[in-house]
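**Q** Numbering (UniProt numbering), first residue to last: 1 to 176.
Calculated directly from the structure, the hints in this document are not laboratory data. Do not rely on the hints blindly, as some may be mistaken.
[Unchecked claim] Cut-off 25 Å, straight-line C-alpha distance, at most; resulting in silico cross-link-like pairs (DMTMM-like, lysine to aspartate or glutamate):
{"no.": "1", "residue 1": "Lys157", "residue 2": "Asp27"}
{"no.": "2", "residue 1": "Lys45", "residue 2": "Glu90"}
{"no.": "3", "residue 1": "Lys132", "residue 2": "Asp37"}
{"no.": "4", "residue 1": "Lys53", "residue 2": "Glu163"}
{"no.": "5", "residue 1": "Lys53", "residue 2": "Asp99"}
{"no.": "6", "residue 1": "Lys34", "residue 2": "Asp153"}
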Amino acid sequence: MEERCRKIRLLLLDVDGVLTDGRIIYDNNGLETKAFDVKDGHGLKLVQRAGIKVGIITGRESRVVEHRAAELGIAILYQGAKDKLLPYEEILAQQGLRDEEVAYVGDDVVDLPVLSRVGLAVTVQDAVDDIKPYVHYVTRRPGGRGAVREVCDLILKESRRWEAVAGRYFSSVPRG
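Please build the complete structure, drawing on both the sequences and the hints.
**A** See below:
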């Protein structure tokens, strides 16, 4: 795991079931609502501070996702991707990266083509069972409930970048 994480330069994420718990909520006016975990967001900011880019490839289209990506400084955003391999290959070309430099977090069979290519393939604890045998890591936390933060921490700690980005939070606090 350490070797895989050390090579990661880009973290790609699915949205529904990964950054959210997979539920889609519509109000009476047809407006969509999604809930995002703030700890996941902070984890993404930490990996960005470590020099790892973050991107999103999702099969649905949602203004809520646009807002969340903008809030987190995520410029790589592909929505409406029915075949996720196409934007994945475009991202590799644009970023000048190789498969082994990418981590991807998905939760369903539509994610398998990308999961089978990347250097670090991850799924969430409550993912579709059929994809779990094809990944390198299954989170202990469910999608939308800290799974992305768990992946961020894993990458940072295993690649020995944790101290550089999070050490300042611990340096001034006495141990109890």
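**Q** Taking the earlier hints as the rules, which of them does this structure contradict?
**A** 1
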